[in-house]
Every structure is written in C-alpha cells, then in structure tokens.
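**Student:** Residues per chain, in single letters:
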Amino acid sequence: MHGQRPAGNTLARDPTRFAGRANKGKGFDRGSSPADAPVGTSTRNAHVVRFENVGLRYGMGSEILRDLTFTIAPRSFQFLTGPSGAGKTTLLRLILLSLRPTRGLISLFDHDVTRIDKATLTGLRRRMGVVFQDFRLLDHLTLYENVALPLRVQGREEAGYRSEVTELIRWVGLGDRLHAFPQVLSGGEKQRAAIARALIVKPDLLLADEPTGNVDPSLARRLLRLFMELNKLGTAIVIATHDIGLMDQHEDARRLVLGDGRLHIYE
Amino acid sequence: MRAAAGFLRAIRTRRGERRAGDGAMPLVPAASISGRALVTVIAIMTFLAGLTAGAAQLVFAASSEWRSSVATEITIQVRPVTGRNVDQDVARAAALARATDGVEAVRAYTREESERLLEPWLGSGLAFDELPIPRLVVVKLQEGRSADLASLRKALSDQVRNAVLDDHRVWTQRLAAMAHSIVLLALGVLVLVLVATSLTVAFATRGAMAGNRDIIEVLHFVGASDGYIADEFQRHFLRLGLEGGALGGGAAVLFFVVAQIGAGSWTATPGGDQIEALFGGFVLEGMGYLAVVVVAVCVALLTGLVSRRTVRRTLRTIA
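The listed protein sequences derive, respectively, from chains V and E.
Quick note: the first sequence uses the working numbering, first residue 1, plus one each step.
Quick note: the second sequence uses the working numbering, first residue 1001, plus one each step.
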C-alpha cells in the first residue's frame, strides 16, 4: 500500500501489530517503488525481486493479494509477516513463480517473468533457495541426498560436493543423522535439513516459510543467526513468519507486512 | 557376496538409514510406479509383436521358395485333336522347347504317366482311351537366365496349334500378392501393437507423474530442468521396457524354437505335410530371429521415448 495506513483495527486488518518498530515510533508505512529500494551492494542485479501492482485472484473470486509493489534488494534482509491466512505463503509462491499473478509485473534478477522461457526460469530458480513450511523433503532419499539434491539436479558429480554437503549438515547440527531418512527425523531436524538444502547452493535469494515454526526458541535463535550470517555473505533473505519474538531479535531487518491483501513496508 | 550386500542394505533401510556408496537413489521412487503390471503388459505386447514378425518372415520365405520353384518350370499342354497324331505333336513341342534359349531340360510325359496323374481324382481301371486327356511337356528353365518364352510361344502356335504354353505367371502373381498381403497385414498388426504399447506407457507415465507430483514440484524448486526430470522418468521406463521386451522377445524366440522342434517330429504325418506346405520347414531363419530381437529392442526404446515425451508434455503445463 502506498503511503496510506490500512483502516480497521481487527487482528487481520492491523498490520502494524507485526511491524514492531512502527509501534515504537520508528517505523512508517510508506510503501515502496523501485526507486525507493535501497542501493544494492550486489554488482549483478539492481533488484533481486521487483513487484509492480501485482494482483492475484483464484478463478472469479475477489483478489486475495492486490496492488503489491515492492522490491527486494541484493543482500537485504526482510521478514514477511502478517496474520495467518494473510497470504505470506502465496506471496512466496509468486516469487518462486509456482503461481502466476493475474495482473501486474514481476521481475526476478532483472528478468521480466512474463517473457522468460523455461530454461531461464530453471536458471533463476537455481539462484534461489527455498525452505518450505512443510519441509518438502523427499522421503525416499536420505538426509544427505536431500541436502545434496539442488547440486545433483545441476548435474554435478557427487565427488565434487560430498564434503561440502557433509560439512553443511554438520553445521546445522545433524552430522550424526547423515544417512537417516526423513521419516525418522524429528520436526526440528527436518526443519534444519530443509534449511541446509536451501543453503547448499549459496543462493542469491533465500525464501524461508516459517523456518522456525517447529523448533524451540534456542534453536530458533541459532537458525536466525545462521540466516544473518548467510545475509552477510551476500544472500538476500525473506523470512515469512508471524513470530514477533523472532523478528524482534533482528531489529534492523525490513518488515513486509501483509494484511487485508495489501503489503505494508516498514524499513 | 552381492546377495549379502543387498541383504545388509535392506536391513539398514529398514532401520531408517542408508550409507554412502549404496548408489544414488533414483529421484523417482521405483515403488511409486506400477512396474510389475507394466512389465507384464510390455512383455505380452512384445511377444505378440515378435510372433507376428516371425510368422510374417516364415510365410514370406516359404512364398519366395514356392515362387522360385514355380518360376523355374513351365508346362506345355498338348490337347488331342481329331485328325492329328498327338504323340507326334508332343515330340514336336518337346523339340521346339529344347531348341529354345534358356531351357535346361525337357520332359514329355508319356500317355501312361498322364493317366497316372489323373488316378488320384478319377480312380484306376477306367478306359482312359475314350477320354481326351491332354499330354504334358514339362520344361525346366535355367536358373538366373531368362528363357525366350515369346519365341517358343510363337513357334508352338505356328507349328503345333493344339499346344498351349503355361508359364505359371498367374500362379506366381497370386503367390506374390498373397505373400505381400501377409507381410502388410503383419506390419499393420505390428503398428497396432506398438501404438497400444505406446498408449499403455503414456497412461502409466501420467499415473506415475500424478503419484509423484510433490517430488516433481520439489525438483523444479531446487532447480531441476524439465529435461532432467524427463531423464529420470525415461531411465526408469526404459528399464521397464527393456525388462518387458527381453521377456516377451525371449518368449517369442522360445516359441519358434519349440515350434521348429515340434514341426520336425510331425514330419511325414498328414498334418505335418500341410504345415510344411504352408510354412516350409517351419524353420525361422536368422533374419526371422533378428526380426524378433529388433521388435523387442524397438518396444523397449519406444517405452523410454514415449515416457520422455509424455513427461515433457505434462511438465509444460506445470510452472
């Protein structure tokens, strides 16, 4: 929403509840245009993601997301938040291009997605890491094979990435479960495995949907630190969460708040 | 040793673990595809296609044999005509035949021999003297050399007017037409079997894709190209195709081997003679076995290609 506070005071219609710093008097709902985006430090793309007046509706129903205009800069860190059902996962799916908007323009890594072919789409997805809310680990593959999957589908030889994958798995604390199948992992272990799978390609953009939803506060803090480290290494991070406590641990992060189908941005 | 390794792997898998070095797991789980049923269908289709190809080759070889043996012989019929000496006419016709280029041998049937030819139909003890039985002169032609039948026909019409030259052309043409019809029919059956196999594989692939939609979606999200996903399915279905093709093709080869042995034991029986008349010695030559193997390989390749095409077409509809 551009320069206008949303009306209404219900939970669903009160995005400032998720804005955090706005309530402390620091934030403001200004909406953003491509020009508003912070100057990226990446020399590769001006914007990692750019949405212009994007709307989405299913069938003939009303728009569930409307007039989304925002950018995600390289090396930026943002929380995507809002009440349950606000459309956080849907917005992530739009960024992932598993959903196509009914109107508006989406640009990924400076590519207009309406004009890209499948090969380019595959190339763009290889620059993104995704942590799904339901993990989406492949049950017939071991933890090691799941984490190595993004490298395997790129056609890389296993000998070239084995140590890299093993090291990352140890780093997320699952070194002793290397060859276990997802069925025998706990929710927290699956969560970390999904995060490791997203990180293994050292993505330019990481999308994480409720990545701390199944872990205790201590592990949640560790995972957040992990994302912050990754961000320092140059990855733009988008974490969808409604965990205000988690967001408060990284006060400098930008907050994208979804409410009533619209997006409010707090820098 | 290999069995023991497999057992240990199975135990580990049951315990929820698999070690590195066990080999990369296929991304499309084999258990998610109704492989046994598909292998059975492909095996049956390959068996039927192999039988068709082999039978067509048998009939074509037998027909070629008939045609070559018929084409190397011609017959001169000399009809008895009042006022002419048939024995002189037969001798004259035989002499004209011998004098013709490309003729290897001439044999004039005697009156007794001609009567014996009719005995199977008319019985013995009849007064053949009262019947106008034509006399035959069988002319054997040199192989690989065309005889000058036009000049022989002209000479006979000039000098032995009651003689008719039969070069069996009508029979040869009929045999050729029959053999070609059977080969075309077999090709038609082969095409139908291959189409049915393709459709079965396409349905099975779509079913496998529907059952593995979540996996395909994850593969897309982690950066797998359509070609990579299609490769995964193609590899799996090609293996099923090879398995089914080998089973069906092997069964077809076994059938012809057993049939050949069986036909050998029926030789000199009335049924065996009929079969031999139709299919020759019921011996599938090397080309016949090669045709069965080619059909089996084609079915396997077709299975892989159809699954790949189906996957790519379906993936186009998925973001």
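FYI, nobody ran anything at the bench for these hints, they're computed from the structure.
Be careful, since some hints might not be right.
As the list claims (entries may be wrong) - Which stretches of chain V does chain E cover? Using the computed rule of at least three CB atoms under 8 Å from a CB of chain E, they are:
1) 151-164
2) 255-261
Unchecked claim - Ranges between beta-carbon positions, derived for each pair:
3) E:F1203 - V:R156: 26 to 36 Å
4) V:R156 - E:H1180: 19 to 29 Å
5) V:S186 - E:L1290: 52 to 62 Å
6) V:G155 - E:M1287: 39 to 49 Å
7) E:T1317 - V:E52: 57 to 67 Å
8) E:A1210 - V:Q249: 38 to 48 Å
9) E:T1317 - V:Q249: 35 to 45 Å
10) V:G155 - E:T1317: 18 to 28 Å
11) E:L1301 - V:D110: 36 to 46 Å
12) E:M1287 - V:R156: 25 to 35 Å
13) E:H1180 - V:E157: 46 to 56 Å
14) V:E157 - E:T1040: 52 to 62 Å
The C-beta atom is built at its ideal place from N, Cα and C for all residues, glycine as well.
**Student:** None of the hints should be skipped; say for each whether it holds.
**Tutor:** Each hint tested on the structure:
1. 151-164: Since three or more residues must qualify, the claim that chain E covers the stretch 151-164 of chain V holds, with 6 doing so at under 8 Å.
2. 255-261: violated (count 0)
3. E:F1203 - V:R156: 26 to 36 Å: holds, 34 Å
4. V:R156 - E:H1180: 19 to 29 Å: violated, 56 Å
5. V:S186 - E:L1290: 52 to 62 Å: Holds, at about 59 Å.
6. V:G155 - E:M1287: 39 to 49 Å: Holds, at about 42 Å.
7. E:T1317 - V:E52: 57 to 67 Å: Taking Cβ atoms as reference, T1317 (chain E) and E52 (chain V) lie about 27 Å apart, which means the hint is violated.
8. E:A1210 - V:Q249: 38 to 48 Å: Once the Cβ atoms are compared, 43 Å apart, the range 38 to 48 Å for Q249 (chain V) and A1210 (chain E) holds.
9. E:T1317 - V:Q249: 35 to 45 Å: holds, 42 Å
10. V:G155 - E:T1317: 18 to 28 Å: holds, 25 Å
11. E:L1301 - V:D110: 36 to 46 Å: holds, 43 Å
12. E:M1287 - V:R156: 25 to 35 Å: violated, 47 Å
13. E:H1180 - V:E157: 46 to 56 Å: For H1180 (chain E) and E157 (chain V) the Cβ distance comes to about 55 Å; the hint holds.
14. V:E157 - E:T1040: 52 to 62 Å: violated, 37 Å
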